[in-house]
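Q: Given two chains presented individually in distinct reference frames, assemble the corresponding complex, making use of the accompanying hints.
Here is how the chains run, residue by residue.
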Amino acid sequence: MTSFPWLTALVVLPVLGAVLLWVLPAGARSRARELALVVALGEVALGVGALAAFDTADAGTHQLVEQHAWIPAIGASYAVGVDGVGLALVLMSVVLVPLVVLAAWREQGSAGAATDRLRSYLALVLLLEAFIVGVFSARDLFLFYVLFEAMLIPVYFMIGGYGGPRRGAAAVKFLVYSLLGGLVMLAGVITLYLAGPGGDEGFLVENLVGTQLSTTTERLLFCSFFLAFAIKAPMVPVHTWLPDAAEQAPAGTSTLLVGVLDKVGTFGMLTLCLPLFPEASRWAAPVVVALAVLSVLYGAVLAIGQRDLMRLIAYTSVSHFGFIVLGIFALTSTSVAGSSFYMVNHGLSTGALFLLGGYLVARRGSQRIEDFGGLQRVVPVLAGLFLVSGLSALSLPGLSTFVSEFAVLVGTFTRHPAAAVVASLGVVLAAVYVLWTYQRVFTGPRPETAELATMRDVGARERWAVAPLVVLMLVLGFAPGPALDLVRPPAQLTLEQVGEQDPVRQGLVADAGGGTDDGSTGSTTDGTADGSTDGTADGTTDGTDEGGEG
Amino acid sequence: MNGFTAPEVAWGALSPVLVVLGAAVVGVLVEAFVPARARRLVQVVLALLALLGALVAVGLLWGGVERTGGTAVLGGSLVVDGPALVCQAVVAVLALLSLLVLADRTRAGQGAIAPSVATVPGSEAERLAREKGLQQTEVYPLVLFATGGMLVFPAAGDLLTLFVALEVLSLPLYLLSGTARERRLLSQEASLKYFLLGAFASAVLLFGVALLYGYSGSLRYADIAAATATPSPLDGLLVLGSVLVLVGLLFKVGAMPFHSWTPDVYQGAPTPVTAFMAACTKVAAVGALLRFVYVVVPGLQWDLAPVLWGVAIVTMVAATVVAMVQTDVKRMLGYSSVAHAGFLLTGVVALDERGVSGTLFYLLAYGVATVGAFAVVSLVRQGRSGGAQLEAADLSAWDGLARRSPVLALAFSVFLLSFAGIPLTGGFLGKFSVFSAAVDGGAWPLALVGVLASAAAAYFYVRVIVRMYFTPPADEALPADEVLLVDDATAGSPSDAATGTGATALGTAGTGTLVAARPAATRTAVATSQGLTAVTVVVCLIGTVLLGVLPQPVLDLVGSAAVFLP
Chain A
1 MTSFPWLTAL VVLPVLGAVL LWVLPAGARS RARELALVVA LGEVALGVGA
51 LAAFDTADAG THQLVEQHAW IPAIGASYAV GVDGVGLALV LMSVVLVPLV
101 VLAAWREQGS AGAATDRLRS YLALVLLLEA FIVGVFSARD LFLFYVLFEA
151 MLIPVYFMIG GYGGPRRGAA AVKFLVYSLL GGLVMLAGVI TLYLAGPGGD
201 EGFLVENLVG TQLSTTTERL LFCSFFLAFA IKAPMVPVHT WLPDAAEQAP
251 AGTSTLLVGV LDKVGTFGML TLCLPLFPEA SRWAAPVVVA LAVLSVLYGA
301 VLAIGQRDLM RLIAYTSVSH FGFIVLGIFA LTSTSVAGSS FYMVNHGLST
351 GALFLLGGYL VARRGSQRIE DFGGLQRVVP VLAGLFLVSG LSALSLPGLS
401 TFVSEFAVLV GTFTRHPAAA VVASLGVVLA AVYVLWTYQR VFTGPRPETA
451 ELATMRDVGA RERWAVAPLV VLMLVLGFAP GPALDLVRPP AQLTLEQVGE
501 QDPVRQGLVA DAGGGTDDGS TGSTTDGTAD GSTDGTADGT TDGTDEGGEG
Chain B
1 MNGFTAPEVA WGALSPVLVV LGAAVVGVLV EAFVPARARR LVQVVLALLA
51 LLGALVAVGL LWGGVERTGG TAVLGGSLVV DGPALVCQAV VAVLALLSLL
101 VLADRTRAGQ GAIAPSVATV PGSEAERLAR EKGLQQTEVY PLVLFATGGM
151 LVFPAAGDLL TLFVALEVLS LPLYLLSGTA RERRLLSQEA SLKYFLLGAF
201 ASAVLLFGVA LLYGYSGSLR YADIAAATAT PSPLDGLLVL GSVLVLVGLL
251 FKVGAMPFHS WTPDVYQGAP TPVTAFMAAC TKVAAVGALL RFVYVVVPGL
301 QWDLAPVLWG VAIVTMVAAT VVAMVQTDVK RMLGYSSVAH AGFLLTGVVA
351 LDERGVSGTL FYLLAYGVAT VGAFAVVSLV RQGRSGGAQL EAADLSAWDG
401 LARRSPVLAL AFSVFLLSFA GIPLTGGFLG KFSVFSAAVD GGAWPLALVG
451 VLASAAAAYF YVRVIVRMYF TPPADEALPA DEVLLVDDAT AGSPSDAATG
501 TGATALGTAG TGTLVAARPA ATRTAVATSQ GLTAVTVVVC LIGTVLLGVL
551 PQPVLDLVGS AAVFLP
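First to last, the protein sequences are chains A and B.
At position 113 of the first sequence the residue is numbered 113 (full-length UniProt numbering), and the sequence of numbers has no breaks.
At position 44 of the second sequence the residue is numbered 44 (full-length UniProt numbering), and the sequence of numbers has no breaks.
Careful: at least some of the hints might be erroneous.
Said to hold, decoys possible - Cut-off 25 Å, straight-line C-alpha distance, at most; resulting in silico cross-link-like pairs (DMTMM-like, lysine to aspartate or glutamate): (1) B:K193 / B:D328; (2) B:K132 / B:E182; (3) A:K173 / B:D394; (4) B:K193 / B:E182; (5) A:K173 / B:D328; (6) B:K193 / B:D264.
Said to hold, decoys possible - Derived DEER-like restraints, expressed as beta-carbon distance ranges: (7) A:Q212 / B:S232: 51 to 61 Å; (8) B:V563 / A:V209: 29 to 39 Å; (9) B:Q530 / A:V12: 37 to 47 Å.
To be clear, the hints were calculated from the coordinates, so they are not data collected in a lab.
All residues carry an ideal CB built from backbone N, CA and C; glycine is no exception.
Next up, chain B with everything else stripped away, as it sits in the complex (with noise of 0.2 Å):
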């Protein structure tokens, strides 16, 4: 018997994912000792750091992995190559820009998370602990465990190791999800929805893993790929094992038909969170959907290509004719983010080269426009002035938002103009490498579909400009001469609209009667915010912008990472 042998951890390789999951669980433990007071600071602190940290590491490996094209750490269970770096940077970067939103606080010190989500909705606890201006501070470290999982998801380079990624990745965001101050029921719905189709997709996914360890006899990437080399029996097992580990992936990818969780979730998590989940979350698991593809099946292309290209099909079209008619903005950027989903699995499908970075190029333009469309819709809310300020969820909530707030209107117009792939966004470098990508993979039908369904998205998208920009608030929507009449009256002072005191505001001149029967319940104003959350709209508006006209350095770095390591 062979005494216990320590197995040689390259720790450096680990950095990323150590510095995050450790700070986590220091977060954890900042619950139980540091007092009350002092514990939001000391979370949001350490949680940004602790991604700061990780993007450092990141930095740090980076130059080690070009010249050497990569290692395999602890035996082959996780890869850190060049994709997998790219990944867990984009994470980092998005999981820092949402985490921002996430701490950020109205004047008030509202924030996006109920003071004791334990309480039952409605009840007295729950009035009390509002009372007491309680907070709940443990979402801190759930998100940083959730940002660790994502960190190992995509360089996962075994099986077991991708499902335990999933699942700590995953748990932190059911709960995460049902956080919400507001609309509390529908939140908790959400969670629960979440939960239980989460761990029907972890069931497939884990069955899918059994019955590819029962077809090679090992769970290594590596291993499967030399067993698909020569021809077997069993190659049934391969081939049901794979198409169910990809159903379990494209779950979390949010690709249709697997895709029924996103709209509610995307609705019912408090909207931070919701920004987190539909970036973060969507490079981590793209990530792994693409070493998945490209090292453990490639040889299986002429078998599981159909399954791929029929989802993604699918997963354009639908997701788009769907998004047409939602009118509540959080499901609307739920269906959008579904359809994105299509997108990028035609670069996926291309399997090659180009196809990786083309994909990672869209995965960073496509996270950074949406956290900061989210980040926008945190603060756009209605209500009493100085009362509770619900988000304004509807649609109908935004006309004439660019009246009110010029730059927040800019910046959102930006971010959907990018989603739907208008020219000099990064959006539109996104569509132009996976389309190119796949274009040149002989996947041409898919990047034609691709292409009309971009055209039909652009409808939605727009829709929305058309209502902050051209469209009269509903509480202002009156005969077209008159609208004009307000429109000089409060063409000088803008900015008094803006901090919900419009109704005096407007009151003024000649216009005092149509103003005065205006409920001023219902208006929609920007919260004022201590400006965490403006600062992640500003970010990723430049970023956006950046990522359109001059991407050539970001291109250089995702070209140079496209290869995966066997």
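Isolated chain A, as found in the complex (with noise of 0.2 Å):
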């Protein structure tokens, strides 16, 4: 514990960041890129500041908690604090900032220096940073329901002001289906707070977790809460915001977007869901596992059907969040530990995907895969960097989803075995959508149009933006002890507070044993394949574990 405010820091800056940003003198606006970079990597060291301070032995429990009195007469407190899975998403989203930045440091006109719509563009993107640490640090409702809803302006904006031709009527449509969940789970919110403690500090979240609730009121409370987060997520029926925006949006924006605006709503589902209801939760758990396993195949059946390649990583993306949903809802410690680690994973793979998509875009001016062909030959270091992210979104074994997409389905296996089953078909049509794509876009003969074969390679500035992404996937595939670390104790936690146990039916361990057997196997052989050894121990002893744990 230290006494330094890590997690208020880390909200402020970025906000300086922005206003300074806006402010800039004329004669300086030209440096607005190299300012904002500043601003987004003083917030990263910030981050690891915040990582040192935190106790990893104890991770299942807030801390850099910091509580003030915000307005006492409707119970809101400016209350701010991290556990594992806390820290690791607002970890996740200081890195993805930077590259952003670099991503976009020749977009919207500024060849030579920064132009006034960049400026803007960044200081939207410090302003985003701040309101997403706050939401992922805030331990009141009233503070997480204000920053979840206060989110969606400046993202309104990146949206609509910096896209593609439709952008307008993607960033409404964006924000009418946001706003609909969000004033849902307003009624919800006061509605709990109503039946709470109440007083000065009556949305504190652990003065509401465990307020008695007649049965009904809690079902529909938590339909409430999970409809917003299940629209933010974005979950099959409520998803269709996600490919128009996606499609529309710069790449740096989708990359926030989709990879760390929308594990809102799955952080939520894990952090306000499960502890505030956790008999109704129990209670909806098969129809929301059902929704997740039809996310999972729907999202990866349209994903190959796209001719986009913008939407083709939104639709990818609705498949994985069907992952991390089924995880949590499978409501076992493994599953849900799983599913934490997925939202930071995800967010690296998608957003390297997104930024690389981005790349093509830019150079080819089209979106459209059908456009591209055989640019191996033309730009093989693009080509490597997008198959790397691409196969962390397949899940290889040996980049980091693997661990987290395994952990999802052998926790899910012990209690829904056919849904786990069923979605492990995600497993194999992610493989059709991605290297269907890399073969559509990269391999083949030396394209022949001036476009596609003079295309550049990525230049420095752009590998700098991608490389520390495809280090993370690395790193955390092939030694992921750390961060399973960050998130097993709150998953632990959360299922006590749900009044859940894993499973120990006979007929199952055995079963879930033969899953675990299985993976494990896969693991080393792929592992003895990438020929590090280190890694492969790593990877079958956490395997392990978690089987033993089901």
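A: Written out as structure tokens, the structure reads:
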């Protein structure tokens, strides 16, 4: 524990950066992007500081806690604090932002020096970062809600102001969808507060946990919260805003939108829906699991059918969010921990895919997949980075997504074997959409059209914007231990709050064991193929541990 | 026979009303005795001082009321208690802000008010009046009279005072609606419509008053409330009378189905008057409605609650739907104000202390954003630079405003977001307060309809933001690539574009041919005014944000004032 207010600093710094960018005197405006980058890197430094101050051995409890009275008249306080999951997501967000700044370096007409458009865009990015860090660390339901909704405004301007030709419509669709969910949640928030202990600190999550509610009320409240989070996540059938937004928005915006912002939905399910409404969560779990499986398959099938590169990546995310929700509502310690870790990994892999997709689109001037082909020979580095990110999206062992997806499926299998089996079809479909896309865009004979044949490969700046993500994917893939240490204790705690035990039915344990064995074998084989013994050892141990818990 | 005994009057408690009405009377004398050249200045200063004085008077009374819970003045005709003082303070502040907009003129001396209202539109006399630069300065005393009525309205303690206050506030408004400098026929039509419908509503209210008097034998709220405690064969009169009085009040609040005047009058009246009307009338009327519902008929909950529920639901849903298809910015804000009446009613229906404080907070947040929004509307003009500039009424004229005037677009966006109830603005906490009051009072279906209507309403607020920020102006409706070219050419000099000389500023670089094809006559620009409106916009902007981020002091204030003196 330290007295330095790490989380507040993490919120305040980007706000100051954004304000500074807006009021920058005319003479200094051409340096706007450097300033934004410095602020974003300073934020990363703060994030590392927060990680150092965080006691990993006690990741289940909320640390770095600060609490001040804000609006006592309605019971709202400024209360922040993170557990392992929150910290992991905060770190993922602050890592992504400088990369987005780098990727946007020459966008919006800023070839030589930063234009006013780019300056406003970067200011919005920083403002959004502040809201995101705030949401992931809010320990007060009112504060969470305020930031959850206020966050929409910068994103709305980021989509509507800087995207493709139909960006206005996409931005409005995004906003109306999100507001609908958010306002229904507001009704739930109010009802919960009135049922809770009330008083000056009536909105603190820890005071609201354990509120006695009648069964019907609890279920209705659960639904109101869940709707908001499902729209944000996005789950089938309330996902339709995402492909439109991702298609129209610039790549950096999509990276933040899908990679970070949508995590607020699953994060909310995990840290609000489950602890606040334990009985209703158990009641709704079968339906949610079914919807999640549907998301996995539907998202994957639609991804396969897309002709637009950005829409394709958006639909892969719908599929991945299906996995995350599946893991959360399977309600086993392994699957919940897996989902928590998956949130981070998905941010890395999808973020990288969107950024690389953005490079491709900027070079070709088209998002249609059929306009590409044979680029492997023209831009080998770009192709390689895309392949690695794509393989991460299809959960290749050795890359970080594998560990989490595997944990989700194993954990789910112990409770809902059928759901796990059907969802694993999603893994197969993922291979189809990733590899087929790679095939259509990068393989084939050397392209003949001028735009493709003379395409530049990624420059140093662009490499720097993606390389950290690829490195993180590999590191977390081979050595997921530290990250899992962060997410496992909160998962255990969440399960206790829901009042659910890991299933220990005799017949299933054998099955689960079988599943684990298969997985471990797979991981060993792949590890050997990669030729990295250390990584293999780690991966295997973790796999077995999880199996043991199941 | 007893001699006439002078009633005991607590003059101090009446001071806010007396200051304003007194200044209004002085204002009439100013018209008679001050030379024409100095009249406008004297009137504006007088009116501003009067409203400031009222505000100070309310502040001085506050301590006493907080201690004692309030006093009944003039034998109970006027009740000075917490909610009354809060309403009076809010009315005074909002009237002050609207007055700044009303007093503002463009550099060329163009105000919002016609030079001589009595002339026939389009006639020779009108032309002459314009030429001679006449000014209709009677509007300032009229505003003060209306404000005086609004100060009495929420404090009225008997039905007759209620009716008199209603007339005192309404008659000047009928007149003011017809004084617009531009689109004079529309303005006069609005005035007549408002007058006819208003007179009708007054009659309905008066009929209700008569029935209630017949039922209880008294006009005092307290006596009627006492009479409702015991069953009587005349209970039918009570219910019918209460419903009729409610109809009269709901007309002023602008709730459906008694709203039909709102969009027409808001559109036709001079914009500063619309700002004044939309904000202050609503505060006064809701204040009076609160008192009537809470003090007179709490015993009638079960008879009247369905009526209020129905009105609230119909208002929220229908107004939101109709607002979606409006193309005139003032009409859109008019329907939005109707929708807000519905949200306010959810707080009124709650029938508990939380409902009162929530409604009062909502009124302040709504009023500040409304005055600010109409102030912005009054600045965005369309027309030739140098020539007569009409207000840009049609929404299409707002396309691309953010490029010409980023600050104004930002301010308008914040007001719209506040209307939509987005967090970190006053509107959100207002909605939060009334909805939580409604849920607390068991009216959760109302809150549910309210949140759904809010989500739908966000659509048409946000549509305007889309126009201001993301749609290129109609006169630059070129293919996307070319627009970008224009962008780059003007990136360095956005201020030029805002001053109305943009046509030449744009004609630089390689885009000269594109610009030349554009008709210069339809240019939307921001009027350069004497700056009073800008003060209002900035104050409202700061107020809206502060109410959203640091509302604690105001919440404390309305929280401590939420009890009606019976």
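Q: Next, verify each hint and record whether it holds.
A: Consistency of the hints with the structure:
1. Using a Cα cut-off of 25 Å, the hinted pair B:K193 and B:D328 holds, with the two alpha carbons roughly 19 Å apart.
2. With a C-alpha separation of about 17 Å, the suggested pair B:K132 and B:E182 falls inside the 25 Å cut-off, and the hint holds.
3. With a CA separation close to 24 Å, the supplied pair A:K173 and B:D394 stays within the 25 Å bound.
4. With a C-alpha separation of about 18 Å, the suggested pairing of B:K193 with B:E182 holds against the 25 Å cut-off.
5. As the CA atoms of A:K173 and B:D328 are separated by approximately 23 Å, the hinted pair is consistent with the 25 Å bound.
6. For the suggested pair B:K193 and B:D264, the alpha carbons sit about 8 Å apart, so the restraint of at most 25 Å is met.
7. As the Cβ distance of A:Q212 to B:S232 is approximately 44 Å, the hint placing it in 51 to 61 Å is violated.
8. Taking 29 to 39 Å as the suggested C-beta distance range, the pair B:V563 and A:V209 conforms, at roughly 34 Å.
9. With their beta carbons about 39 Å apart, B:Q530 and A:V12 fall inside the hinted range of 37 to 47 Å.
Against the hints set out earlier in the document, a violation occurs for number 7 only.
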